Amino acid sequence: MAGTDITKRQRPKVGYGELLATIADHEKYRQRLPGGKRAIFQFRDLSHLTMAGADLSGADFTGCNLQSANFSDTNLSSAVLYGADLRGAVLHGARLDRADLRGASLRGADLTGARLQDADMRDGVIAERDTSGNMRLKKPDHDAVDLGGARLVAADLTGANMTGVAAGRTDFTDAVLVNCVLTRANLTSAKLDGANLSGADLSGANLKDARLRGAVLVGVKLENAMMAGTDTQGVLDDKPRGRPLAELGVPIEEAFRLYRMWVETGGRQGRLFDFSRLDLRHIGARPGIVLTGASMDGVILQGLDLARASLQGAKLAEADLRDCNLSGADLRGANLSGAMLVRADLRDADLGPLTVSLDRAFPVNLMRSVLRSADLRGAKLRQAWLDEADMSRALLEGADLSEARLPQRQV
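Residue numbers for the sequence shown follow the numbering used here, so the first one is 336 and each next one is one higher.
By construction, these hints were calculated from the structure, which means they are not laboratory data.
Remember, predicted model here, so these are calculated numbers, not experimental data.
Worth double-checking, as some hints may not be accurate.
[As the list claims (entries may be wrong)] Restricting the straight-line Cα-Cα distance to at most 20 Å, the calculated cross-link-like pairs of lysine to any residue (SDA-like) are:
(1) Lys348 <-> Ser403
(2) Lys543 <-> Gly503
(3) Lys574 <-> Gly554
(4) Lys556 <-> Gly638
(5) Lys574 <-> Gly601
Assemble the whole structure, with the sequences as input and the hints as a guide.
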């Protein structure tokens, strides 16, 4: 097997009839039905074809021409896209968990809202047969996975290996890059505003002129990273923010215990605390915590598990609740005006009015809140104030928005 490049050969075109038949056979293969056959398209031309919504998990697209193909909402989990040409492809909402994308080109592709957890995006080498039938190694037209100019807004790249990726001018706004390996990545002029890069390894990466406004950089490795001209305005890193915890006068565990006692006894026992503007990221998972009516304006709770929390009537204006698990939480009547709820899990949360008497109820105030990519499926938002809220890419299936005041342009 020689190590020299060979001339790029013509990829045989796949027609729609063959495509549909192959997808049907692959579905049988997935379900282990008679006649099932794994979809293998190695070194074929599927450019401009539509596979939107199909389940092609585990399919083999090695070396394929997939330029401008439509993979919207397609399941490509564990698919082999080794050395594939996906330039200009539409992968909006696609699932690519554990996909092999080594050596692929995704230049200009749209991966908005796509999921690429644990995807392999390192460089790669393709083995092809030449005209004499001999196997030869061929480097792709690029040395590394090419994401130049691609759109990965709100994409989930948790745990992806992106070593040496070429991502100049790529848009990662609000993307999840938690524990992502980006060593030696070229992120020149990339846009990472609001992205969650917690635990990411950016050692030796080129971040020249990149934008990371409001990004989460907790536990990030930046050894030997080039950051000339990098915009890090408003980033959330490991440095404590806000008021010192010492102002509470007691350890945080004792403060939570006394506050819960105050709530459960109607103020007869326990103690009232002001948690506003505290950085509470260190408290760890707190499912079911009782903070009914608490003063928490400007509090930082980013990334915490607060599932089923009792937060009815809480004052959470301008709070940082990004990436929080608030599923099933009781937030009736809470003031969340201006709160950051990007990527928050609010499934089945109660954000309805808090009734205090027969003729008096307080609706949830979500005015000017940021709910981009938040999961509000099954949430109760009856009569909620959502004026000027940013709900772009929020999931609202099954949510109750009856009598709610909605933002004019987004819902």
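Hint check results:
1. Using a Cα cut-off of 20 Å, the hinted pair Lys348 and Ser403 holds, with the two alpha carbons roughly 14 Å apart.
2. Straight-line distance between C-alpha atoms of Lys543 and Gly503 comes to about 10 Å, which keeps the hinted pair within the 20 Å bound.
3. Using a Cα cut-off of 20 Å, the hinted pair Lys574 and Gly554 holds, with the two alpha carbons roughly 10 Å apart.
4. Straight-line distance between C-alpha atoms of Lys556 and Gly638 comes to about 19 Å, which keeps the hinted pair within the 20 Å bound.
5. Distance check on the hinted pair: Lys574 and Gly601 sit about 37 Å apart at the alpha-carbon level, beyond 20 Å; violated.
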